[in-house]
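**Q** The lines below spell out each chain.
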Amino acid sequence: MRRDIIKHPDSRPSTSFWGRLGRVGTIGESRGKKGRIGVTIPPNGFIKDIEACGIAGLININGKRENGSRAVDMITTMTDRENGLGAGFACYGLFPDMADFYCIQLLLDDEVAKEKVEEYLKKVGNIVKDEEVFTTPVKGMHGPYPLIWRFFMEIPPSLVQGSPHIESEDDYMVDVIMHINVRINGAFCMSSGRNMAVFKGNGWSFEIAEFYDLRERYEGYMWLAHSRFPTNTPGWWGGAHPFNILDWSLCHNGEITSYGTNKRYVEMWGYKCTLLTDSEVVTYIWDLLCRKHGLPKLIASMAMAPRYFEDISLLTEDQKKVAKALRMTYGRAMINGPFSILVGTNRPNPSMIALTDRKKLRPMIAGISDDGNTAFAASEECALNRVGDMGEVWAPITGNPVIAQLYKGIVWKGTEKQFEGKNLRMEV
Amino acid sequence: MPAKMEGIRIEIPPRFKIEIDRERCKICKRCTVNCTFDALSFNGDRIVTNHDNCVACQRCTAKCPQEAITIRANDMAYPVHFAYTDRIRRIGWEQASTGGVMLASCGNDLPYRSIFDDLVLDAAQVTNPAIDPLREPIETKCFLGSKPKKLEFEEKGDDIIFRTKLPPNLELATPIMVGQMSLGSISYNAQIALFKAAQKVGTLVGTGEGGLHPDFYKYGDIINSEVASGRFGVDANYLKKVAALEIKIGQGAKPGHGGHLPGEKTSQLISITRMIPKGTDALSPYPHHDIYSIEDLQQLIFALKEATRYRVPVGVKIAAVHNSAAIASGMVRAGADFITLDGFRGGTGATPRIIRDHAGIPIELAIATVDQRLREEGIRHKTTLCAGGSIRYSADLVKALALGADVAMICTPVLIAMGCRVCQQCHRGLCPWGIATQNPAYTQRLNIEVAATRISNLFHAWTEELREICGAMGIDSVESFVGNRDRLRYVGPNPRIADILDVKHAGEAWG
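So the protein sequences, as listed, match chains A and B.
Using the numbering used here, the letters of the first sequence correspond one by one to residues 1 to 428.
Using the numbering used here, the letters of the second sequence correspond one by one to residues 429 to 939.
Isolated chain B, as found in the complex (with noise of 0.2 Å):
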């Protein structure tokens, strides 16, 4: 038990400053109200601020009505050090003052270099046409599940008999779904947007690891629902309310990792939600307890598919690591329908932050050499293979595709839509915005309709520029841009890389 005394925690330079223009400020005390951190309040005579709270979240400037506030980096000097450096110096101080494991969330913000930002795109040129979106079809929907060998078909004269018995299979609008994010890690109202705006656009929503709460039972129909390691909210009910089912074996952000909800978030809302008494500690364990192998993992799948009577597709998802591709194999070959590959990049509510920051392999990585130890075993059509835990933006999605990933899995990107300004505080539960708290004063702050028609926007943002870049390439359907690496090059300093991607190196032509 680390030793706890007076004067333990020493000075730490706070590292954002507050500053108020005091001729513009009213002393309205918005910003009092807004911040959820304790850095403003009134002393009943002008706002004080208290710069070692601040976390730059912004709530304040958004608010403030007459613009009288700024923050800025705090740009104190301390001499320049390039390997201890002022993140490696706070580590330091921090760990010193508590003795503890440091926590952190959203994802990995060390700057490591972005493997999809060395790949760039090709485009048609006079021997094939390319198509233009806003005049010819350009289709991107896609089926999320296992897909049989072969198709059985028998002709006699003029009748066609087909004789195969399909797998369940989700059809997705778009190659695009929102990951597993828990009631718990976010608000009620963020995971109404969600579902709404899931329900608009055509695609799935995780409710990750927190099981579902009865109120959202009416959005069945788009719900990928994870059965993780805690088992937290998971029962008969639950497992036929929803579209897809998904075992968590792993996350991006903590590979190895379970999960902790602490007991003080177990609200009345997260009890009926987890099936777990009120004020409870909801920790997952690292490990599922039944899976110690291969084996256990199949004999879960098929739990769950005979529970559900085989009539949703049942996946797995794991954080991408150094095994992945072997483990993916294994997974499939355990009968899981569809595969969820989480990059080392990948956000979450709460992580420590040395797993965050160092344990797992870049997605894109993990995608190259997945798809292609399916294709050499024989068993790629046999899974959907999703990927996630990096994608920021519509670049990342085609070139994900590219690479082999039928499906791409975004949460921050839609946190952001909703208004997250990825000031990395989800784990503390006080965001200001109302997005990944629990605290009924701030969940308020986050309109449900507003939300979702945001989130919406975004995904047919995404969609409309993966059918300018699909139609650039003169190619009009996702399925034919699905693990065509053909069309990327790789303009990065490591060539090593480009051959473990299977992607030329820019000035190759083709072949």
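Excised from the complex, chain A in its bound form (with noise of 0.2 Å):
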């Protein structure tokens, strides 16, 4: 059916949601590129995601692989915070068997988009493996569909070279996504880390489940979720969270302030941003710090949300010359406006990351199951509720990060003092 629709696009209903938004359009161009609005570039018109969302996600401290049910219990339950206009998930601990290898999951327009990928990306490493993704058609969902297919990718060591932004195959490999989200049509790259995926699109999110059978098919040791609620747009595929680059996911719920400051100071890195939404430079802005300075993830925390100068002078020098250094540092790098994200990384641990605005002007509330094994967190408690067994239910406290590590359980509850427990040295 899905081939159908992409083969004579204007055999859709002219009831669906595309049609009655009258932007329904075959092939579209957004700043040079080509491709099938809605789907790979944005829609007619469209300058740039406003939104309100929920999020949810959960850690399997243990390690214990579960699949889809309760993060699509989690997010289906706040139905108040999203529209239909787009859903998604990422999952991690997806692919044991093929966890060296980078896994490339891309909406495509057609099979001409795919070929040129493959083309592009047998020129830039070698595909070890690659598939189509499964999917079902939905019924209240509405085309057109996109072709979504996985790659598994190496790179061998002798390709990594060059550019001044290159000094690992990590950077060699977000060039190479950065090129495809930028220069081939018809192509977006929804997630690109290891022994993990991304599974978004427009819709509600119980029916992104069902598309992608999330509650069967996978299974993972953390689970993201993300369901959107965009006030200026029609969703669109590309644009749905969680937000990936190498195996950073982000879901976020927010509007940035600081997108102009925080853009520019990506850009300087090498970063491109490219789909027009404050969501994807806050992925950068955690790829670059944890990934390319090395920051540990409370620190990078500290380096967006910031504490206050007032109660940085509250604290011994040593950790006051640390919080300063950030801050003078890391100011352009400050996310500044109402926000409340969830983090998934597999770096250097795998790590579920809950972070909000200091002056959490979003919700986020965080749990741990019963039994010690599962860490939550979510926008609304009853999401928590809805998953049942829940041990200890906080709130972290605003600007203070959940930080929840595989095999380690909470190591940061969000509820500290700056540097609680930390012993800080300097070796300067």
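It is possible that some hints are incorrect.
Unchecked claim - Now the stretches of chain B that chain A is said to cover, found in silico as 3 or more residues with beta-carbon under 8 Å:
1) 550-557
2) 561-568
3) 583-589
4) 901-910
If you're looking for bench data, these hints aren't it; they were derived computationally from the structure.
All residues carry an ideal CB built from backbone N, CA and C; glycine is no exception.
Two independent chains are provided; combine them into the complex using the hints.
**A** Here you go:
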């Protein structure tokens, strides 16, 4: 059915959402890139995402892999936080057998786009395996449906060389992804990490879960989920969350008022902000700070949502020095405006991080299961109650992260004072 | 040598007319004492006026207890000519009389369009909440100096090891500092008032090119002292006393020019400060004669850093000119911890009028292009970008920050706070308000405490307005505002300017 639609775009029912909005197009153009409107490029008239959202996530601290049922239950419970214009999931621990390879999961307009991507990927690395991602038509969802494909890639060390920003195979991979998203018409890279993938699209969260068969088909130790309530534009497949670069995935509820500053900061490091959403820029900041600059996650959170100078003045001398150095050095990476984000990563240890802005203008609640095996975070407590057996449930304080790490548990609860329990050593 | 002969000066109509209400005038003669330009005098019977000398500084009107004096523009009619305006005709008459270069002071007074006035600000609605600065903290602290590219941490269990050596940085309570005004261009009292105000506010003051009077060494921790081409007042002791050093290459009011302090102004006070004999001219060369290229600049930067044991940030100031972006990039690579751009409306104590009015580029364009170039080259973090020379009030300040400046530098607004009426006669050393003069009879007119309080009030007001604007945009810290051009929109007539500024036109949404 999906293929039919792709071959005959005009056969879509005229009463579809796209039809009603009068924005249906087969091939459109956005900033020089061509693709199917609403799938791999934003709808005509799309300027920038402004949205409110629901977020939910869980991590099995003991490493047990579970299917997507609980994550789907959590996100679909918060119905008030979405309006059917986008939802998505990220699953970590997804391909234990292929964990050494980058998994590039793509939204594609058609076979032609797929061939172009394949040709490009062959040129820039070795495709170890590729397959179509299972999808099933869902009653209530309307086309155009994209073709969804995943490639497992390895990058021969000999290819990693050259430009000023490329220091590692990860940098190289970032460039490859940027190339696909900017240059290849009809292709959009949903995720590019190892041992993980993102499943997202335009629809309600329960529809997207069904579309990818997430309740049954996949198992992972960590799941992140997101549902959208965009306020000014129709949804589009590529614009749904989670956003991903390498194995950083980000579910974001908020609007970044510092977008212009943050965007220019990450661009200085070779990132290209192509998706016109502030969520994208936050993902790049995580990648930049934690991967390229090697900051511990707690420290990176402090850079993005720093304490006020008034609070910093109460710290000990060394703590003060470090807190100020962070504000001084990473002022442009500071995320301003209301936000509540859920971040998943595999590096250096698989972890889930929940963080709000330093005024906590968007909600975030965290909990741990009664048996202590699973940590949760969500916009609303109802999402936690839905999956039951909750032990402690707490509200992390403003701008303070919750960090749950595989095999270690809650390493930072988000209720501590800055640097509490940390032994800060200055080796300057 | 221009000829001097009888009758060479032709009658030039006065620009202003002094009107005295004879009914009200009690002939107390206070105006004649207060007028420093000899426009008012007493002839034994009544107050007489000399319109030719009046500059409309308004000292007499302010001091007349009877409010009997009114200064008006001389509306005497010449046949209208839109090309040969009054201004152009006067220049011709003056130059034909003297054969000289016309001097001027203050900043460019021509009606060039201000790009700041063509930019409008964003505000938060619905999807992000605005912040009320009276209820929530909005931070304005900023750091002046070079920042490391990244910080190095290592996490070992509960240990967090910090390994980055930080370059020297100064904390400013607000992203506004006082620019470079020397003792010489302004009075001793005016300079103390600046230092006292800056101490109260928590910001920096430039010393200008004239060195630092020994009395002022105690204010060293808020002083950004200038090393200019004449090196007046520069010795090892001076360098060690201050918080920051700034090499002056150029000045917005006179790009490509040095300084000129005539010998008659070199009083005992100036002589001590500039370390030159009393009564001698203090002429600073147009270029630094030890800097003919960028590598020479690097040597001076590092000579100063060595002399101060790398304890203080060393910056470089240039006038905003066509190629500022490339020059600034070179300066940063040469080791400038901060760079100061001075726009073509920047002020001065004395400059050739032709240079003041026609050389340089608007600061808005210079900020945008320099910030962009430094980012493109990946060296933006290495320097703090200060910008001044056109920043008139807080609206200009916030727009300068949003375009990419880290810190705004102001001078004329500070003088106005002290009581300056912008009569633009600074170069004559006759300032009746005691600001831009060295004459003890006039300098004592400036009350140091009052002036200092007025300056700190101005800083407070600007900072509060900056907070209001940030809050309205849903931003609670000024670093998220720097370079945030997405929060500006252009409403002027020339979209090409918007392109160069990388600012969208009003009506275009986010993205």
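**Q** So, for every hint listed, does it hold in this structure?
**A** These are the hints, each one checked on the structure:
For the region 550-557 of chain B, the stated coverage by chain A is satisfied: 5 residues place a CB nearer than 8 Å to a CB of that chain, which reaches the threshold of 3. Given a C-beta distance limit of less than 8 Å, the hint that chain A covers the region 561-568 of chain B holds, as 3 residues qualify and 3 suffice. For the region 583-589 of chain B, the stated coverage by chain A holds: 5 residues have a C-beta nearer than 8 Å to a C-beta of that chain, and at least 3 were required. Coverage of the region 901-910 of chain B by chain A holds in this model, with 9 residues showing a Cβ closer than 8 Å to a Cβ of that chain against a need of three.
When held up to the earlier numbered hints, the structure conflicts with none and fits them all.
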